[in-house]
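Listed below are the residues making up each chain.
There are 2 protein chains.
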Amino acid sequence: MRASGMEGGKPIIGVFDSGFGGLTVLRALMRRFPEADFAFIGDTARLPYGSKSRRTIARYAAQSAQFLVREQGAQFLVIACNTASALALDAIQDAVPEVPVLGVIEPGASAARGASRTGDVLVIATDATVHSHAYSAACRGLGLRALEKACPLLVPLVEEGWTDHPVTAEVIRIYLAELLAEAAAEGLKPDALVLGCTHYPLLRPLMERAVPAGMKVIDSADAAAEVAMRLFPEGQSPPVAPDPAAGPVPGTGLVPAAERDTETRERVRCFATDSVEKFERLGSRFLGQPVGEVELVDLGG
Amino acid sequence: MRASGMEGGKPIIGVFDSGFGGLTVLRALMRRFPEADFAFIGDTARLPYGSKSRRTIARYAAQSAQFLVREQGAQFLVIACNTASALALDAIQDAVPEVPVLGVIEPGASAARGASRTGDVLVIATDATVHSHAYSAACRGLGLRALEKACPLLVPLVEEGWTDHPVTAEVIRIYLAELLAEAAAEGLKPDALVLGCTHYPLLRPLMERAVPAGMKVIDSADAAAEVAMRLFPEGQSPPVAPDPAAGPVPGTGLVPAAERDTETRERVRCFATDSVEKFERLGSRFLGQPVGEVELVDLGG
Chain V
57 MRASGMEGGK PIIGVFDSGF GGLTVLRALM RRFPEADFAF IGDTARLPYG SKSRRTIARY
117 AAQSAQFLVR EQGAQFLVIA CNTASALALD AIQDAVPEVP VLGVIEPGAS AARGASRTGD
177 VLVIATDATV HSHAYSAACR GLGLRALEKA CPLLVPLVEE GWTDHPVTAE VIRIYLAELL
237 AEAAAEGLKP DALVLGCTHY PLLRPLMERA VPAGMKVIDS ADAAAEVAMR LFPEGQSPPV
297 APDPAAGPVP GTGLVPAAER DTETRERVRC FATDSVEKFE RLGSRFLGQP VGEVELVDLG
357 G
Chain L
57 MRASGMEGGK PIIGVFDSGF GGLTVLRALM RRFPEADFAF IGDTARLPYG SKSRRTIARY
117 AAQSAQFLVR EQGAQFLVIA CNTASALALD AIQDAVPEVP VLGVIEPGAS AARGASRTGD
177 VLVIATDATV HSHAYSAACR GLGLRALEKA CPLLVPLVEE GWTDHPVTAE VIRIYLAELL
237 AEAAAEGLKP DALVLGCTHY PLLRPLMERA VPAGMKVIDS ADAAAEVAMR LFPEGQSPPV
297 APDPAAGPVP GTGLVPAAER DTETRERVRC FATDSVEKFE RLGSRFLGQP VGEVELVDLG
357 G
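Just so you know, the protein sequences line up as chains V and L, in that order.
Those letters in the first sequence? Residues 57 to 357, per this note's numbering, in order.
Those letters in the second sequence? Residues 57 to 357, per this note's numbering, in order.
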C-alpha cells in the first residue's frame, strides 16, 4: 500500500468502475496526465451495477472510492462508470469529501454541447444509464435536447471481441435506425451522438461509419479526461499532453510504444474485487496496452 | 411467510437462480407438478454469478437455498442456475442438508445420453458454465464425449427480446459453425446439442432450424423437471402431468390459459434480491405466463 499520494511528488489519480470498461477512461487520462500515477479499481465481484438499485450502487461505489483515496492515496477521483456517475455521484463525493470527484456524464454532455450546432443530440448507453436519464438531465442543463437509447447488445459484442464484425455493424445499424426514426418523429435534428458507455469507444470506428454524414461522435471517456485536466487541483497539475489522436510527440513525456508495457506497470496499479482472469484477458483491449498484474482486493459484502 | 411447507397438504418446491432465467425451469416444473406450490428466488442483486469465484457463488447460493427451505418451507430444491449447479451444488446441499437438492447439469447430461446414438454431444452455455467443464465431466461420467462452447451473446439477445430475429439466427449460425468445425477437427460425430443455459429454451425454435439434420436439441430445464419427477420424495409425489409439448389436456388439472394469471399467483411466490422491475418485465417470457408480483427480499451482503 502507498503511504502517501504525494510519494515521489507524483499525483495519484484514482479511477473507479464496476468492471474493466472504465479502462478506456484510464487510457484517455494516462495520455493527458503523463506525469501522474494511477490506481484503478474494478468492482468485478458485484458488476453489473446496471441491474442494481440506487442505494446498493451508492454503497458499493463508496467502498471503492474510499479504497482508492484512503488506501491508495488518490488525490483525485474519476468515476469511470456511467451507472455510478448517473445514480451515485453525490453519495461517492460524500464518502470521500477530502478529494474532488468527477463523473463521466457531465463531461459527455459538455462535449456534446461543444460539438452540436442544432442543439439536438443522441445518446446511446446501457439500459441502466438510459433509465436514469442522467444524460438527458445534464444535456438539458446545458440547453441541449437529448434523445437516449439503451443498446444492451453492444457491451457483450465488445466483450466477445466482435468490435469489427458484420453482426456488430448490423446491430449498430438497427439501433441507430430506430433512434433516428424516433428523433425524426419528435422533430429533432440531431448532429451529435454521445457514446455513453465506457465499452463503446472500442466501437467508435463502426459508429463513425454508421452515423449520417455530418454527425459527430462524442466519446464520454475522452471528454472526462479532457475535463479532468481542467479540474485537477492547482499545484499538482502535470504538464499538458498533446492531443492523443495526434500520437506521441517528442519531448512531451509520452513514452514510445515499445516501452509502454513497463510504463503501464509502473504508472498504474489495477485492482479488482473478483474475476481477475477476465479483467486481465480483456482489459488490454480497453487500455490499449497490457494491463499487467491485476491485484485482488476484498471490499467486504 | 409460510409456517410450514405442508400447509394445505401441498408440497412446496423451491427453485433458485442467480437471475430470472431459471423461470424456464420453474415453467417446466409447474407443468410436471400440477399439484405443487413453488417458491422461486432470483438473486438479482448479485448476478451474474458467472463472473464470480466458486467461493463467492457457494456463499451466495447457500443463502438463497436456506431462504427457500427455512423461510418458505420448500421440501425440495431445484438449482435452476447452471453456474451454481456447476460450481456449488455440494456447498448448497451442505447448507440445507434437510432437503434433497437437484441441479440442472446432471439431468442435461443424462438427457443427452438418452438422445445420442454416437455418444458425441455438443454443449452450449455461458462462459462461466463452460469454464467449469461441469457438463463435460457429467457427460464423461455417462460414457459420452462432450464438446463445449461458450456463447456469451445469446443471453443478451434473449433479454433484448430478439428470440426470433435475423441477427440472433446469424449469431447462432456462427457459433454452431465454429463448434461443428471444432468437433470435426477432433473426429467427433455429434448428434445432440445440449442447451446448457436457462435462457436458451427461448431460442429453441432457432436452434432447431440451425442444427444439422438429425441432431437433437436437449433442453436442460426440461431435463431437470423430468428428473425432479423421479426424485421427488415418496408420499409427496403429485400425479404425473402430461407431456407439456402436447399442451393442456382436459381432466389433467392443467388450467385453461385464461385462468393462468391467478393460478400463477396462487401456486408461485417469486422473490428477488434486487431489480424487481426487470424480473417482472422480462420474467413472463421465460415463465410463459405472467409472473405476478415479485417480492423483494434482503439476504444481506
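Among these hints, one or two may not hold up.
Copies of the same chain are indistinguishable here, so a pair counts whether it falls within one copy or spans any two.
In silico lysine to any residue, SDA-like type, Cα no more than 25 Å apart, as pairs [unchecked claim]: (1) Lys-205 with Ser-340; (2) Lys-245 with Leu-198; (3) Lys-272 with Ala-171; (4) Lys-205 with Glu-336; (5) Lys-272 with Thr-174; (6) Lys-205 with Arg-325; (7) Lys-245 with Phe-288.
Keep in mind that the hints were calculated from the coordinates and are not lab data.
Taking each numbered hint in turn, which are not upheld by the structure, reported in ascending numerical order? 6, 7
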